[in-house]
Amino acid sequence: MTAEGFLEGRRLQMARGVLLQCIMGGYPPAKFYGSDDGDLALVADPAQIHRLPWSDEPRALAICDAVELDGVPSGLSSRGQLKAVLARYAERGLAPVVATELEFFVFAPNTDPAQPFLPPLGKDGRREMGHSAFSVSSNNGLRPFFNEVYRCMAALGLPRDTFMHEMGVSQFEINLLHGDPLLLADQTFLFKHLLKEVALKHGLSVVCMAKPLAHTPGSSMHIHQSLVEITSGRNVFSDEQGAPTDTFHHFIGGLQACLADFTVLFAPHVNSYQRLCHPYASPNNACWSEDNRAAGLRIPASSPVARRVENRLPGADANPYLAIAASLAAGLHGIERQIVPAAAIQGEFEVPEHLSLPCTLHAALERLKRSALARELFGQEFIEGYIATKTLELTDFFDEITPWERRVLAAQA
Numbered sequence: 001m002t003a004e005g006f007l008e009g010r011r012l013q014m015a016r017g018v019l020l021q022c023i024m025g026g027y028p029p030a031k032f033y034g035s036d037d038g039d040l041a042l043v044a045d046p047a048q049i050h051r052l053p054w055s056d057e058p059r060a061l062a063i064c065d066a067v068e069l070d071g072v073p074s075g076l077s078s079r080g081q082l083k084a085v086l087a088r089y090a091e092r093g094l095a096p097v098v099a100t101e102l103e104f105f106v107f108a109p110n111t112d113p114a115q116p117f118l119p120p121l122g123k124d125g126r127r128e129m130g131h132s133a134f135s136v137s138s139n140n141g142l143r144p145f146f147n148e149v150y151r152c153m154a155a156l157g158l159p160r161d162t163f164m165h166e167m168g169v170s171q172f173e174i175n176l177l178h179g180d181p182l183l184l185a186d187q188t189f190l191f192k193h194l195l196k197e198v199a200l201k202h203g204l205s206v207v208c209m210a211k212p213l214a215h216t217p218g219s220s221m222h223i224h225q226s227l228v229e230i231t232s233g234r235n236v237f238s239d240e241q242g243a244p245t246d247t248f249h250h251f252i253g254g255l256q257a258c259l260a261d262f263t264v265l266f267a268p269h270v271n272s273y274q275r276l277c278h279p280y281a282s283p284n285n286a287c288w289s290e291d292n293r294a295a296g297l298r299i300p301a302s303s304p305v306a307r308r309v310e311n312r313l314p315g316a317d318a319n320p321y322l323a324i325a326a327s328l329a330a331g332l333h334g335i336e337r338q339i340v341p342a343a344a345i346q347g348e349f350e351v352p353e354h355l356s357l358p359c360t361l362h363a364a365l366e367r368l369k370r371s372a373l374a375r376e377l378f379g380q381e382f383i384e385g386y387i388a389t390k391t392l393e394l395t396d397f398f399d400e401i402t403p404w405e406r407r408v409l410a411a412q413a
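1 is the number of the first residue of the sequence shown in full-length UniProt numbering; add one for each residue after it.
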């Protein structure tokens with residue numbers, strides 16, 4: 001849209017079906033977004049209008065809410081779903097506080113999808129071999145790229161907490177500062193967009209797939225969650241003596257009750273389950289534990305004022321609005337129903353059957369199809385449309401034969 005049109009307040013409209021567009025570009029049948037495929041309006045959030053600091057030409061990006069033409073928020077909008085969950089908390093006098101930890105890979109350009117990703121050539125003429133977890137070494141040659149990332153983050157008002165090299169080959173992690181969930185979802189979305197744009201300027205490729213490399217840890221988007229009283233700002237997960245409260249345990253109980261139904265909201269692609277089925281500290285379970293990375297729900301070591309629940313299920317490929325909305329909706333469900341969680345686990349453990357989660361996209365979609373709870377919390381329109389889109393994507397994946405099938409099965413089957 002032109003700057004003039006935007007500043008005049010001209011309304012930007014878009015076909016409703018675009019909210020259900022699949023990653024290949026197609027759409028499910030029109031019945032899932034209104035048989036007429038009419039328009040909805042995009043209404044810019046005044047706090048989320050940003051001039052893009054990496055662009056040589058003056059450009060801006062405005063994060064918008066999708067609103068029906070009669071002014072009602074669209075039920076197909078993931079940002080709208082998050083706002084609805086936050087409104088339900090506000091009715092109880094509570095405000096969630098979240099933080100996201102986003103992992104990603106920085107690769108050399110990959111022009112042939114049949115070939116694996118490679119790390120960039122370093123300043124010493126070599127490619128990283130995966131021995132750099134938490135290293136301060138800079139011979140990977142990425143310092144100019146990250147310097148521009150930091151500069152652009154500052155220009156966009158994206159405060160970073162910590163930043164580090166992760167376990168994978170040319171894999172990194174950033175922790176965004178905790179705060180309002182809608183703000184954190186916006187910041188996570190902006191940061192991913194920033195990363196990819198700045199990488200292109202530097203002749204690099206940033207990949208936020210859940211599992212881009214075999215035999216290497218995948219990329220997560222862990223969500224840290226706590227709840228505070230709106231009036232006092234007190235963390236309701238801890239009592240006056242610093243002990244865990246019933247609200248804390250009920251929040252965990254809600255997550256345990258919902259994670260299996262909601263798995264595909266946290267792990268939305270075929271590749272998401274490559275990460276979950278080869279755990280490397282990416283647990284595919286609804287167990288909870290004090291500071292144990294093998295649990296899907298980890299309680300990090302912290303002071304009582306910072307007591308929080310870390311949901312370790314979402315991958316870097318998850319929609320941040322939807323993943324945060326689903327996690328918080330599950331916790332609120334537990335609070336409303338006063339669900340008591342299973343006992344905490346520690347050390348090495350076997351996952352009980354009732355706390356295991358789907359480990360393929362097909363199984364996760366089947367679980368969501370059967371979930372009356374998902375329809376209750378997110379609405380029939382959203383869940384049916386989401387299932388239709390993801391089913392199209394899964395069908396498209398099965399239309400291709402993988403190199404593994406040709407290499408192994410052709411000679412043996």
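No lab work stands behind these hints, which were simulated from the structure alone.
Errors might be hidden in some of the hints.
[Claimed, not checked] Each computed DMTMM-like pair below joins lysine to aspartate or glutamate, with the alpha-carbon atoms no more than 25 Å apart:
no., residue 1, residue 2
1, Lys31, Glu310
2, Lys201, Asp112
3, Lys83, Glu240
4, Lys83, Asp399
5, Lys369, Glu381
6, Lys192, Asp45
7, Lys83, Asp396
8, Lys31, Glu57
9, Lys196, Asp399
10, Lys31, Glu393
11, Lys196, Asp65
12, Lys83, Glu148
13, Lys83, Asp180
14, Lys192, Asp180
15, Lys201, Glu57
16, Lys31, Glu353
17, Lys192, Glu229
18, Lys369, Glu405
19, Lys31, Asp65
20, Lys31, Asp56
21, Lys192, Asp112
22, Lys192, Glu310
23, Lys192, Glu336
24, Lys201, Asp180
25, Lys201, Glu229
26, Lys196, Glu229
27, Lys201, Glu91
28, Lys123, Glu91
29, Lys196, Asp70
30, Lys83, Glu376
31, Lys369, Glu348
32, Lys196, Asp39
33, Lys123, Glu197
34, Lys123, Glu166
35, Lys201, Glu336
36, Lys196, Glu148
37, Lys369, Asp399
38, Lys369, Asp124
39, Lys83, Glu384
40, Lys201, Glu148
| field | List of violated hint numbers, smallest to largest | value | 1, 3, 4, 7, 8, 9, 12, 16, 17, 18, 20, 23, 24, 25, 26, 27, 28, 29, 31, 32, 35 and 38
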